[in-house]
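For reference, the chains in residue letters:
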Amino acid sequence: MNKSLVLGLAAACAAALLPPAFAQTEDPVAADFDKFRAVLEQDNPAELWEVKGEQLWKTPRGPKRASLEQCDLGLGPGVVKGAYAQMPRYFADVDRVMDAEARIVHCMITLQGFTYEELAKKPFSSATKTPDPVSITTYVAAQSAGMKLAPPQSHPKEKAAYDVGKQIFFYRAGAYDFSCASCHGVDGQRIRTQPLPNFTSPAQAIKANQGWPGYRMTGGVMHTLQWRLNDCFRQQRFPEPDYASEMLSALLTYLTVNAQGQEYKGPGIKR
Amino acid sequence: MRLGSAATIAAGAAVLAACAALQPSPRDAALALMQRDFHAEGIAGMDRLKEDDVQAACNEYGNNPPAELDAKLRAKQYAGVKWPADGKLMGDWKSGEKIAQRGRGMTWRDKPHQTSRGEPNGGGCYNCHQIGPDTTSFGTIGPSLYQFGKLRGYGTEIQRYAYSKIYNAKAYSVCSQMPRFGHAQALTEAQIKDLTALLMDPASPVNSR
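Going down the list, the protein sequences come from chains A and B. Position one of the first sequence corresponds to residue 2 (the working numbering), numbered consecutively onward. Position one of the second sequence corresponds to residue 8 (the working numbering), numbered consecutively onward.
None of these hints come from the bench; they were simulated from the model. Where is the CB? At the ideal position from N, CA and C, for every residue including glycine. Be aware that one or more of the hints could be misleading.
To be verified - The calculated DSSO-like cross-link candidates involving lysine-lysine, where the alpha carbons are at most 27 Å apart (straight line), are: (1) A:Lys160 with B:Lys118; (2) A:Lys158 with A:Lys82; (3) A:Lys271 with A:Lys53; (4) B:Lys118 with A:Lys122; (5) A:Lys59 with A:Lys123; (6) A:Lys36 with A:Lys123; (7) A:Lys65 with A:Lys149; (8) B:Lys157 with B:Lys105; (9) A:Lys65 with A:Lys158; (10) A:Lys65 with A:Lys36; (11) A:Lys158 with B:Lys105; (12) A:Lys123 with B:Lys157.
Stated by the list, open to error - To list a few chain B residues with every Cβ distance to chain A over 12 Å, as calculated: (13) Leu96; (14) Thr114; (15) Tyr133; (16) Thr147.
As the list claims (entries may be wrong) - Pair ranges (Cβ atoms, derived): (17) B:Ala63 with A:Gly83: 51 to 59 Å; (18) A:Glu48 with B:Gly52: 18 to 26 Å; (19) B:His120 with A:Pro78: 29 to 37 Å.
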């Protein structure tokens, strides 16, 4: 890890020192970052949280002193392989669609006896703490690395979640009249130097899922899609979305179904 | 039996049709879900989820309202532009450059008219626009504003256009992606004057270089 980390940092420093070219065609800054990421991903720091998540999954914990090995992620109790790539999906026991982290939170509540309130109180990583659902989600996601995204759309509630998610994606409101589509609705745009993927396009929609959960170099912490969507709504100048809520599962259904059939590479690295 | 099942199917279809009529539309379902699954945080109250007339028209018509409605809304937005009491549209381009560079404000932990750090809100202009010649890290969501005054002329009418466009972009294009900085009270009158100067002062690097 050390050698490639050093190489990666050297590449990033070289990129930072070079004068940024006038960017209208290709994005040199973004291209340099992609190179940096490619080097770093050979030994991805996300693996540290993957290992921690696996321990958390298998260890009896919580008031009920139970492990998560009976948690049903949609493919049967305890089946983790491939489950992340096939969510969000409908779960009959709760009669709603859940994304991976929402389902993990549900299992921590029902099997281990944690409460939603304690899990939702500080759900995102800081410099000093990574919440358990983040590590567990990283572990679960890693077991779908290299698989094609295949969120099911056979149950009426899965179809409804897609339609509702689409409405949320395009809904303009708030102080700045923004929607998700303000940044992610057209091809080829940038905010500052950051390229903005168009999530309505099947070819680019994978970028909503790719690299998440991700080790974010800003702050050096592990984040999941729950954090990413939370921060999008913050910058959209909306109120705050409830952690692991049905609303976020619906939005994730829209984003993931749009990327149906694309390969998910597993936990990654973000800037 | 056959007749019976046909009748059953017909009755079933009627029930299904009735249920379909009772099913909320995806939009209504989304609105209800957002009402339930967002919470107010700091200065961002739940009122921010409520569409005003402009947002409602853009959401309903996919950002392309019918011409008549479009014209009506534009006129109303333009009528709401508050012009400077002293009649001066231009401030200090140097302050304008700082406002254009900064993008903070109006999020959960910010204050009503200030950032969380107690600074004035930013306009975030470079997030979307090319503006001055020294900043290459500009976004491309909006058009380039480099040489704004030089290309359009420095007259009062263009000053008025720049000021009112920043104050309320929807006065010109109802479903513009640009925030309504004056209308939303995100930027002050003085800040909008400074931004107008950034674009329109012949001495501003936007025009002079």
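Outcome of the hint check:
no. : hint                              : verdict
1   : A:Lys160 with B:Lys118            : violated, 40 Å
2   : A:Lys158 with A:Lys82             : holds, 24 Å
3   : A:Lys271 with A:Lys53             : holds, 20 Å
4   : B:Lys118 with A:Lys122            : holds, 23 Å
5   : A:Lys59 with A:Lys123             : holds, 23 Å
6   : A:Lys36 with A:Lys123             : violated, 33 Å
7   : A:Lys65 with A:Lys149             : violated, 35 Å
8   : B:Lys157 with B:Lys105            : holds, 21 Å
9   : A:Lys65 with A:Lys158             : violated, 31 Å
10  : A:Lys65 with A:Lys36              : violated, 46 Å
11  : A:Lys158 with B:Lys105            : violated, 49 Å
12  : A:Lys123 with B:Lys157            : violated, 51 Å
13  : Leu96                             : holds, 23 Å
14  : Thr114                            : violated, 5 Å
15  : Tyr133                            : violated, 7 Å
16  : Thr147                            : violated, 5 Å
17  : B:Ala63 with A:Gly83: 51 to 59 Å  : violated, 42 Å
18  : A:Glu48 with B:Gly52: 18 to 26 Å  : violated, 41 Å
19  : B:His120 with A:Pro78: 29 to 37 Å : violated, 53 Å
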